[in-house]
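In the order they appear, the protein sequences are chains A and B. Start counting the first sequence at 1; every next residue gets the next number (this note's numbering). Start counting the second sequence at 1; every next residue gets the next number (this note's numbering).
Please keep in mind that the hints were generated in silico from the structure rather than gathered at the bench. We put the beta carbon where it would ideally sit given N, CA and C, even for glycine.
Quick look at which bits of chain B chain A covers, simulated, 3 or more residues with Cβ under 8 Å:
1) 46-60
2) 108-117
Far from chain A, by Cβ distances over 12 Å, these chain B residues were calculated:
3) L30
4) G31
5) K142
6) T144
7) L289
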Amino acid sequence: MADIRIGVWQDQPDLKFLDEILAMPGGEAAAACIQCGTCSGACPTVRDMDSSPREIVALVRAGYRDRVLRSNTIWMCASCYACYVRCPKEIKITDFMYKLKQMAMRAGYKSPASKRAQVLAKKFAGNIRWLGRSNEMWLLVKYFLSTNIFDALKYAGMGLSLLATGRLEMLPKKSKSASEVRKIIARSREGEAMRQ
Amino acid sequence: MTTYTYYPGCSLDATGKPYGTSVAATAPALGIDLKEILDWNCCGATAYMSYDHVEAFSIASRNLAIAEEMAGNGAAQVVAPCSACFAVLNNAVHYMAEDAKLLERVNDALGAAGLHYEGSVRVRHLLDVYINDVPEEVLTSKVTRNLEMVRLAPYYGCQIVRPKNEFDHYDAPTKFDEYLKLLGAQVVYYPVKTKCCAGTFITTQPSIAARMIGLLLKPAQDNGADAIVTCCPLCQFNLDNFQKEAGEYWGRKFNIPVLYFTQVVGLAMGIAPEELDLGKHRVSADALLAKIT
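The whole structure should be built from the sequences, with the hints applied where relevant.
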């Protein structure tokens, strides 16, 4: 394979970053990308990103670990798959962004943009471990308690309308699946820990 | 009657209740028998994927493994009304078919609950089943009301046509358009039909969500749609509940009803609006109802 660490130089490139990414399933994107920018053109949130999706791939190759994992880009991906289906190299860009999200979350990277998305992801996962299913009401309660409780007021009108039409489940209903889901997650974590 | 293994998903118990109600009101009459997966669990949605992908696929696959057991020896068809559930379950099926190591890891995790996934499931969206599995003459024989004055914008959303789907083109699908015409309604030009509804951004990035949702409401309003029709509870929720915020962002006033396709099917079949939970949306559909004869 040709050396793809070309074109950009920085003071202290972290060349291990690219190797780590390439070793992950879905990480091949970093090698296959031709930097055409189709992904950035397809992205509905590109204007809200620090770096476009194309730039993120370039930054990964050049070893900019901090800039990539600190960027709001990965958290601005709404998983709509518009880039994924248009990429001429058939790179699974949405999955690539998921990988970077997982990496950033594990390494403890936080920023104003990422914080809320990370809290939502964590509370959502917690909800599933607790109930086996997602309870929208309790997910939002926990989310706003962990971010900004006053933000919840902006949703008061919506909440009242949902309540009035019986579309909010006030009492968390535990699905019988919850205990099995917890067992599956525990085994999955044991397996991952053993592999590492 | 064709029997399908049904995965309703978490929203249909709560914010998406009118979807569940209108599915129950229309499916049996069209010969669609939906058998719910026993004690199904949440698919994990997009949020769990940001967390850990083996874990995410493992919990999604619990549902697939149970569906296989319910189907006996035959291959199971799992039908999901929610586009996010559909995409997650469908991704899980395809990725495990491509990646034996992933399948092995998932099965190792499923073993903790005494389950095993063979790999025989085909995941389908409920809209796909309504459109492709109900013979045209059965559908038209059930249509008793006249919708020719009703103008609809078919909103597919992103996840039903992406990434690996057998349903329709990923960018410029037309089957939903044709289906609404078959029900007797007019279809307006709606070029944003597969653009993102902002998903969870209405919670995490509300101002960006207001912009994105406005982009979906504008062409419907400009082209004189009486309603936007969706096939996903999250799309319906965002488009219906964020019209004030979207209007503030774009300097407009939006008041466009957002219906589930199953509600439109029900109305065409002559089912009373209250039996389809039409009164439970934020934006009233009364003006549209007045156009049905």
